[in-house]
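Chain residues, written in single-letter form:
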Amino acid sequence: MPGLYRVGEGKLDLAEAVRAVAGPDRGAISTFLGMARDHHAGRRVIRLEYEAYRPMAEATLRTIGAEIEQRFGTPHIAILHRLGVVGIGEASVIIAVAAAHRREAIEGCRFAIERLKAIAPIWKKEHYEHGSIWIEGASPDPTAT
Amino acid sequence: MPGLYRVGEGKLDLAEAVRAVAGPDRGAISTFLGMARDHHAGRRVIRLEYEAYRPMAEATLRTIGAEIEQRFGTPHIAILHRLGVVGIGEASVIIAVAAAHRREAIEGCRFAIERLKAIAPIWKKEHYEHGSIWIEGASPDPTAT
Amino acid sequence: MTKCTVLLFARYAELAGAPSLEVEVPEGATLGDLWDRVRKMVPALRDETRPLLACDRAYARPDTAIPVGGGEIAAFPPVSGG
Amino acid sequence: MTKCTVLLFARYAELAGAPSLEVEVPEGATLGDLWDRVRKMVPALRDETRPLLACDRAYARPDTAIPVGGGEIAAFPPVSGG
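So the sequence lines, in the order shown, correspond to chains A, B, C and D. Position 128, counted from 1, in the first sequence is what my numbering calls 128; the numbers after and before it change by one each time, with no gaps. Position 31, counted from 1, in the second sequence is what my numbering calls 31; the numbers after and before it change by one each time, with no gaps. Position 22, counted from 1, in the third sequence is what my numbering calls 22; the numbers after and before it change by one each time, with no gaps. Position 76, counted from 1, in the fourth sequence is what my numbering calls 76; the numbers after and before it change by one each time, with no gaps.
Read the hints as simulated data drawn from the structure, not as lab findings. Since the model is a prediction, treat every value here as computed from it, not as a measurement. Careful: at least some of the hints might be erroneous.
[What the hints assert, rightly or not] Computed list of lysine-lysine pairs in DSBU-like fashion (alpha-carbon distance at most 35 Å, straight line):
#1 Lys3/C with Lys117/B
#2 Lys11/A with Lys117/A
#3 Lys40/D with Lys3/D
#4 Lys117/B with Lys117/A
#5 Lys3/D with Lys125/A
#6 Lys11/B with Lys117/B
#7 Lys125/A with Lys40/D
#8 Lys125/B with Lys40/C
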């Protein structure tokens, strides 16, 4: 199965994700980058930190890839999530989806980030000048899909 | 006004587009790459070639940027379109939109490619092993918006 | 009479064998009048009855009056960028 | 009795002061039974009545039976990746 799925330390590389999905029979590539932002809910954020249940998170990314292939008909998918400290302005997640036509690429990419945020066992900690807090999503039931 | 709008020869660089829109207060970047595909309507394509009414095309890209800012609230937009010969697997158009939140970035980026295809005065010629043809869009009235 | 330059693109430029044409039209003529004149001048464009038209780099309808001095007029087939 | 390892993540791991706990439960116990046991063992987790639960790296409901041999059980708060 084509596709690149990874959860781990180290800076993310958009070019790597695009290379992993590109090919001569694909007319469209849609990408999404989640970036560490310097504020949240009115509070200044100085860095982010991510933790994952790594083997389950990687399995979840592969599951999301299989869902995209089934729904949008393309197997050309890259989903990379960074762990550990992520500096402001750096990418915490990069997704790329390529397809023959733009609709499948764009909707597949959007589906990927929405699903990742809903079900991937990954957690974000926001660090402020004084203190830090674990962010917790709203998802009451990731199994209800 | 921030933003990068260009219509011209030379390979497109996704990293340049992302750099042009990124910033510490933006948590999401959505990009779209239109790639020269090796087939169309069952026919093998060996290269593409683009022509533009260049000053109007650049003005049109800026207009699309202004529409995105008004609709989605972010001015962080890059729209680059290549002219001349584009080899199979190379990008003919690159769009990047950054915003505080993902909805605005994703929907702004999608709006940009749909609008570009509908109203930018740019034309694609497909070259086959024998012969070539100008592709012409369906848009009967680009002024009806 | 007003002397206008009409820019042509893509298939229209190939049909005309030139990227632009010089056309004279009466004062008060519209873009549609101008295009009718072009179709008479260039037989290869005769069947192109519904071009996209632009005046001073903005889309314009056929009933738009040609600006005093001629402006920058363009005519072209449906676009296909992206 | 079955001896289980429960993996904890993010805030739960911080509250417990450890990334995993060893817990013994009777044969036939469910994930929910196991979590009730954890909450009794670790006062800091007492108020966490609705964790997300996973068994062998897949989400599972509290009424899921613990696999023979214990399996790989995990409990964690709502996810926030991206």
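Hint by hint, here is what the structure shows:
The suggested pairing of Lys3/C with Lys117/B holds, with an alpha-carbon distance near 33 Å, which does not exceed 35 Å. Between Lys11/A and Lys117/A, the direct Cα distance comes to roughly 20 Å. Compliance with the 35 Å bound is thereby established for this hinted pair. In summary, the hint linking Lys40/D to Lys3/D is supported, as the alpha carbons are separated by about 16 Å, within the 35 Å threshold. Proposed proximity of Lys117/B and Lys117/A is supported: the alpha carbons are some 31 Å apart, at most 35 Å.
For the hint linking Lys3/D to Lys125/A, the alpha-carbon distance of about 32 Å falls within 35 Å, and the restraint holds. Distance restraint check for Lys11/B and Lys117/B: the Cα-Cα separation of roughly 20 Å lies within the 35 Å cut-off, and the hinted pair is therefore satisfied. Between Lys125/A and Lys40/D the CA atoms are separated by roughly 27 Å; this keeps the pair inside 35 Å, and the hint holds. At roughly 27 Å between alpha-carbon atoms, Lys125/B and Lys40/C fall within 35 Å of each other, so this suggested pair holds.
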